[in-house]
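Each chain, letter by letter, is given below.
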Amino acid sequence: QVQLVQSGAEVKRPGASVKISCQSSGYTFGYHYVHWVRQAPGQGPQWMGLIIPDEGRTTYAEDFRGRVTVTSDTSTSTTFMELSSLRSEDTAVYYCARERAYGGRYFYDHWGQGTLVTVSS
Amino acid sequence: DIQMTQSPASLSASVGDRVTITCRASQTISSYLNWYQQKPGKAPKILIYAASSLQIGVPSRFSGSGFGTEFTLTISSLQPEDFATYYCQQTNSNPPHFGQGTRLEIK
Chain A
4 QVQLVQSGAE VKRPGASVKI SCQSSGYTFG YHYVHWVRQA PGQGPQWMGL IIPDEGRTTY
64 AEDFRGRVTV TSDTSTSTTF MELSSLRSED TAVYYCARER AYGGRYFYDH WGQGTLVTVS
124 S
Chain B
1306 DIQMTQSPAS LSASVGDRVT ITCRASQTIS SYLNWYQQKP GKAPKILIYA ASSLQIGVPS
1366 RFSGSGFGTE FTLTISSLQP EDFATYYCQQ TNSNPPHFGQ GTRLEIK
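Note that the protein sequences, when read in sequence, are chains A and B.
Going by our numbering, 40 is the number at position 37 of the first sequence; the sequence numbering is gapless.
Going by our numbering, 1311 is the number at position 6 of the second sequence; the sequence numbering is gapless.
Accuracy of the hints is not assured; some may be wrong.
Result set (DSBU-like, lysine-lysine): computed pairs, CA atoms no more than 30 Å apart in a straight line [stated by the list, open to error]:
1) 1344/B / 15/A
2) 1412/B / 1344/B
3) 22/A / 1350/B
Chain A stretches covered by chain B per the calculated footprint, using a threshold of three residues with CB under 8 Å from any CB of chain B [said to hold, decoys possible]:
4) 58 to 72
5) 107 to 113
Hints were generated in silico from the structure; no laboratory data involved.
Glycine included, every Cβ here is placed at the ideal spot set by N, Cα and C.
Construct the entire structure; sequences and hints are all you get.
Next comes the structure, spelled out in structure tokens:
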């Protein structure tokens, strides 16, 4: 069965960086884009960016441009999301999600379990 | 950016009730609208895509409708497991914003 398994919770100081992994299994890694979405406490989900896993091509949200880097390792079917210059407002649960495409558009049909990142001095 | 606005922000209802949640887009998005259900501590789960297509495995009491800028999610007869938060998401253009959510609570 399709699974996306993320790395564990992180606690970081303001100004630091965090790198989260998302390992995919149960499907052909290169066939589906992987998106990253975060959710701050009590808020709706916020899209951060996506990667085309076998090409390494990325698109990022303007809100995170310059601070976020998404990469992929096809040998391990793993996607990584690194967020730099962390501030307290970056405290959130971070999710990876698999894109299911249809007619040029898409939805997320499988999600990772989420990784809590806490930014605190 | 296309902004998504959901109403109401919260809703109290009883088992067996019919409920409707509305999502409005700040500009036309054709039918590129998804609905997700999220329970505490869990990732969102897809219910409806393309405004009205039911994802495989989702109960038929869930339905979606709409086109352009106004969309609805209807639950025909609430079950205990339906009490959760619901989000709409547009995928017409990047960034694929979500609505702020509708929390469905037990009356």
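Right, here's what the structure says about each hint:
1. 1344/B / 15/A: Roughly 27 Å between the alpha carbons, so the hint for residue 1344/B and residue 15/A holds.
2. 1412/B / 1344/B: Cα-Cα ~17 Å, so holds.
3. 22/A / 1350/B: Cα-Cα ~25 Å, so holds.
4. 58 to 72: n = 4 at 8 Å, threshold three: holds.
5. 107 to 113: holds (count 5)
Going through the hint list in order, the structure satisfies each hint without exception.
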